[in-house]
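Number of protein chains: 2
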Amino acid sequence: MFIKTDHLMAVNLLEGYTAKMIHTDQLSVMHVSVKAGYPLPEHQHPHEQITNIVEGQFEMTVNGETKICQAGDVVVIPGNTPHSGKAITDCKIIDVFNPPREDYRKLG
Amino acid sequence: MFIKTDHLMAVNLLEGYTAKMIHTDQLSVMHVSVKAGYPLPEHQHPHEQITNIVEGQFEMTVNGETKICQAGDVVVIPGNTPHSGKAITDCKIIDVFNPPREDYRKLG
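The listed protein sequences derive, respectively, from chains L and Y. Under my numbering, the first sequence has 15 at position 15, and the numbering climbs by one with no breaks. Under my numbering, the second sequence has 24 at position 24, and the numbering climbs by one with no breaks.
Mixed in with the good hints there might be a few duds.
Identical copies go unnamed one by one, so any copy, or any two together, can satisfy a pair.
[Stated by the list, open to error] Below, computed lysine-lysine pairings styled on DSS-like, alpha-carbon distance capped at 25 Å:
hint	residue 1	residue 2
1	Lys86	Lys4
2	Lys67	Lys4
3	Lys4	Lys35
4	Lys86	Lys67
5	Lys106	Lys67
6	Lys4	Lys106
Because the hints were derived from the structure by calculation, they are not lab data.
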């Protein structure tokens, strides 16, 4: 299946965060755009998450450890692990989840 | 876990294709660099694959359907589905696999 994310509806995740989402039976892939300065409050979920920074600088905190991530950096967040963040600049991020995010599938 | 793909060893997948790989218990994420003109011969595997084009133009054929993909395009390839491709330009691609690619995990 060929998908142009340009043609997908952007879902507002929270203020400053929008996503184009692909959900399969096994995975969710989210192409996330973040505006500079907007925080991602601490949260956790049972899904494993792999965050791929494509553009920009994003400060990420996982289990109390904080790093500034940039293009080419990857953050592996095991399930049920508290994480939070903040966009230092505008960012493009590709987040991968297993199992898929059924909570988001309902949105779009 | 914070990973700088710049610090990972690049694995040669085939001529013109190198990858920085992250493998977890559930997923493989591969940051693939492709040189213009190099073909990806038709193959298949039981793993579901989600291909995210980050830079460049890549001609992809899945189950006999061919499209030229570019930044922002996503290709969902179900398990056991024949696929092939060719880099039109130099490309950066993020490939996601579930389950993880144990065949590649052995390589590094």
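Here is what the structure says about each hint:
1. Lys86 - Lys4: The answer is between: 18 Å across copies meets 25 Å, while 27 Å in one copy does not.
2. Lys67 - Lys4: between (31 Å within a copy, 11 Å between copies)
3. Lys4 - Lys35: So Lys4 and Lys35 pass the 25 Å test inside a copy (22 Å) and across (23 Å) alike.
4. Lys86 - Lys67: Only inside one copy: Lys86 and Lys67 sit 11 Å apart there, 36 Å across copies, limit 25 Å.
5. Lys106 - Lys67: neither (32 Å within a copy, 29 Å between copies)
6. Lys4 - Lys106: within (20 Å within a copy, 33 Å between copies)
Comparing the model with each numbered hint stated earlier shows that hint 5 is the single one that does not hold.
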